[in-house]
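A.B. asks: One-letter residues, chain by chain:
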Amino acid sequence: MSDVPSVLSPASECVGEDEAVTARVRGEPLTLTPKDLYIPPDALEVFLETFEGPLDLLLYLIRRQNLDVLDIPIAEITRQYMKYIELMQELRLELAAEYLVMAAVLAEIKSRMLLPRAAEVEDEEDPRAALVRRLQEYERFKQAAEDLDDLARLERDIFMAAMEPPPMHHEKPLPDVGLDQLLRAFREVLGRADMFSHHQIQREPLSVRERMSRVLASLGERGHVEFCALFTVEEGRRGVVVTFLAILELIKGHLVEWVQSEVYAPIYLRPAGPHPGWDDAGDTQPNT
Amino acid sequence: MTPERLQRILEGALMAAQRPLSVEELERLFEGDASRPERASIREALREIAESCQDRGYHLKEVGSGYRFQVDEELAPWVSRLWEEKPPRYSRALLETLALIAYRQPITRAEIEEVRGVAVSSHIIRTLTEREWIRVVGHKELPGRPALFGTTRGFLDYFNLKSLDELPTLAELRDLDQPARE
Amino acid sequence: MTPERLQRILEGALMAAQRPLSVEELERLFEGDASRPERASIREALREIAESCQDRGYHLKEVGSGYRFQVDEELAPWVSRLWEEKPPRYSRALLETLALIAYRQPITRAEIEEVRGVAVSSHIIRTLTEREWIRVVGHKELPGRPALFGTTRGFLDYFNLKSLDELPTLAELRDLDQPARE
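Chains as they are written, first to last, in UniProt numbering: chain S, 1 to 288; chain A, 1 to 182; chain X, 1 to 182.
Because the hints were derived from the structure by calculation, they are not lab data. There could be a bad hint or two in this list.
Said to hold, decoys possible - Derived pair list, reagent style EDC-like, types lysine to aspartate or glutamate, alpha-carbon separation capped at 16 Å:
| # | chain 1 | residue 1 | chain 2 | residue 2 |
| --- | --- | --- | --- | --- |
| 1 | X | Lys61 | S | Asp157 |
| 2 | A | Lys86 | S | Glu155 |
| 3 | A | Lys86 | A | Asp72 |
| 4 | S | Lys110 | S | Asp126 |
| 5 | S | Lys252 | A | Glu141 |
| 6 | X | Lys61 | X | Asp72 |
| 7 | A | Lys86 | X | Glu31 |
| 8 | X | Lys61 | X | Glu48 |
| 9 | S | Lys172 | A | Glu51 |
| 10 | S | Lys172 | A | Glu85 |
| 11 | S | Lys172 | A | Glu130 |
| 12 | X | Lys140 | X | Glu111 |
| 13 | A | Lys61 | A | Glu44 |
| 14 | A | Lys61 | A | Asp72 |
| 15 | A | Lys162 | S | Glu235 |
| 16 | X | Lys162 | X | Glu62 |
| 17 | S | Lys83 | S | Glu49 |
| 18 | X | Lys86 | S | Glu139 |
| 19 | A | Lys86 | X | Asp72 |
| 20 | S | Lys110 | S | Asp71 |
| 21 | A | Lys61 | A | Glu48 |
| 22 | X | Lys61 | X | Glu74 |
| 23 | A | Lys61 | S | Glu164 |
| 24 | S | Lys83 | S | Glu45 |
| 25 | X | Lys61 | X | Glu73 |
| 26 | X | Lys86 | S | Asp157 |
| 27 | X | Lys61 | X | Glu51 |
| 28 | X | Lys61 | X | Glu141 |
Next up, chain S with everything else stripped away, as it sits in the complex (with noise of 0.2 Å):
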């Protein structure tokens, strides 16, 4: 490393002298490889390729050389540098403007070391220190890097221990309602049709719709009923009326009608509308 340019001698840095002539790079792109470079030309494509950006490359520089990263020549790494730079110029490589900065970076460096130091601001910091910190920084990710790329992984090196499941059946669960939840969406329903229509929603005893409900279900199984059958004693008074209250709020609906053949005759339910078999005219006992 002794041949490596102090900070101190600016002057020497100006001219590399094992590099002077591979610095004309106009030329053709194979002659330029540098020579202490070790690759075959053909490849020289893809290794400028490799470099991971405009660090990398430096770092590639000054780890080539073997020089420590602390005291980076500036002027021959500068030199090295600008050299790539125009080799993937020539190589038509696309060129990330991210080189061309780091170029800029390393010029003003080199220039401001060019210029001579006043001692009173010795404790001015060593215009390398940003970039040597950038680079310190860089290294240790690179090497994080690899270091990731090591690890034993998923589907290179660990595989995992699986396999068939028992025979199973599934129950697809059904979804829960509560009967809040059932409340809160008629309450928001209802206020949603109040805003709509000027519907009045009138109180309903419940038991009477519910016996509708079960009134004509059980027209709809056995197509007609009699009138007395539809109430259960047991049922009480309550019980009566309600059924009564249904078969009035079905009749007045159009839902069902009755029909009785004669005076005193029982008097039958039946869903109303056409039926096949019974006089329209409703004076007929149903056949049976």
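Keeping the supplied structure of chain S fixed, place chains A and X upon it in accordance with the hints.
C.D. replies: Just chains A and X, lined up with the frame of chain S:
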């Protein structure tokens, strides 16, 4: 290769494969190795493996396309809980439809739609019918004879009601302050 | 439930799950059972299971999202022959980005770019997100509210880690004040 080592390799491969492996496929695992086990040794190793699982929670099973490990059926009650689905939730549209049928039965679809202001999907009617909460109780004497829906005994049972009377009245509903917490 | 039975059930579930299971998930296997094992018994059973696999071709491993069985690493040369396709390889750019997110999380894209000295391609962020190794964990209070990235449990699972603590130690940043050459 010792028989034990052969067993370990086969066992590892069978567990990693996530599909049954035939003896031929197991043979191919050793392709390129200096010493390749005979097919007979592989079969013998499979027998040994099968035996060694005797008192574990799984077994080696030969199926159409080869061998695979399978978890014992008697563990199914626990293992199946891994795939247990959370019950889905019913939509607001469904709950409103159900509420209208409960409170205003017998009711036609058109009547439900009139109150709700939107169409009632057949899917909702089908779901409620399959759940056996509603049923067709009759038909209204109108063109097309639309079905009249009512609630069932199953509906009362589910909501723990003796009769529809136990549903809060409309007045009580309106008095309900803020909806009860979920 | 005897300890042996508990072990068999846990083993069966872990083998059938095809993904790591946390102790909480294992606990839930017994939901609804008359006697439910304590968490401590489950942990004890897991220890026993781990021990019982000692001389088999697989072992119990704790990774980010729980416990899983995995084939012994030394069997990988044979087991990997089951697949024709080579395992995916990841570019340096992707690995460096992932390393920065793993060690420096939460981190913005701009911060990654600052360390790497080059733009981070959207393609890399997309790949890492699709693999479910990273996710947006928040937004930095800066103009544009840039996303902050962090790693996921899936990242730990994939790289065979129980927690981020198990990542290889990051090389020390050498102090600039140190003598340049030792």
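A.B. asks: Look at each hint and say if it fits the structure.
C.D. replies: Quick rundown of the hints versus the structure:
1. Lys61/X - Asp157/S: holds (14 Å)
2. Lys86/A - Glu155/S: Outside the cut-off at roughly 32 Å; violated.
3. Lys86/A - Asp72/A: violated (25 Å)
4. Lys110/S - Asp126/S: With Cα atoms ~11 Å apart, Lys110/S and Asp126/S stay inside 16 Å; holds.
5. Lys252/S - Glu141/A: holds (12 Å)
6. Lys61/X - Asp72/X: With a Cα-Cα distance of about 10 Å, the restraint between Lys61/X and Asp72/X holds, given a limit of 16 Å.
7. Lys86/A - Glu31/X: holds (14 Å)
8. Lys61/X - Glu48/X: Roughly 13 Å between the alpha carbons, so the hint for Lys61/X and Glu48/X holds.
9. Lys172/S - Glu51/A: Cα-Cα ~37 Å, so violated.
10. Lys172/S - Glu85/A: holds (7 Å)
11. Lys172/S - Glu130/A: holds (14 Å)
12. Lys140/X - Glu111/X: Distance of about 11 Å is within 16 Å: holds.
13. Lys61/A - Glu44/A: holds (15 Å)
14. Lys61/A - Asp72/A: holds (10 Å)
15. Lys162/A - Glu235/S: holds (14 Å)
16. Lys162/X - Glu62/X: holds (6 Å)
17. Lys83/S - Glu49/S: Distance of about 15 Å is within 16 Å: holds.
18. Lys86/X - Glu139/S: Between Lys86/X and Glu139/S the Cα gap is close to 29 Å, so the pair fails against 16 Å, i.e. violated.
19. Lys86/A - Asp72/X: Given that 16 Å is the threshold and the Cα spacing comes to 35 Å, the pair is violated.
20. Lys110/S - Asp71/S: Roughly 13 Å separates the two Cα atoms, so the pair holds.
21. Lys61/A - Glu48/A: Between Lys61/A and Glu48/A the Cα gap is close to 13 Å, so the pair holds against 16 Å.
22. Lys61/X - Glu74/X: Holds: Lys61/X and Glu74/X sit about 15 Å apart, inside 16 Å.
23. Lys61/A - Glu164/S: holds (10 Å)
24. Lys83/S - Glu45/S: holds (14 Å)
25. Lys61/X - Glu73/X: Measuring from Cα to Cα gives roughly 12 Å; hence the hint holds.
26. Lys86/X - Asp157/S: holds (12 Å)
27. Lys61/X - Glu51/X: holds (11 Å)
28. Lys61/X - Glu141/X: Violated. Lys61/X to Glu141/X sits at ~39 Å, over the 16 Å cutoff.
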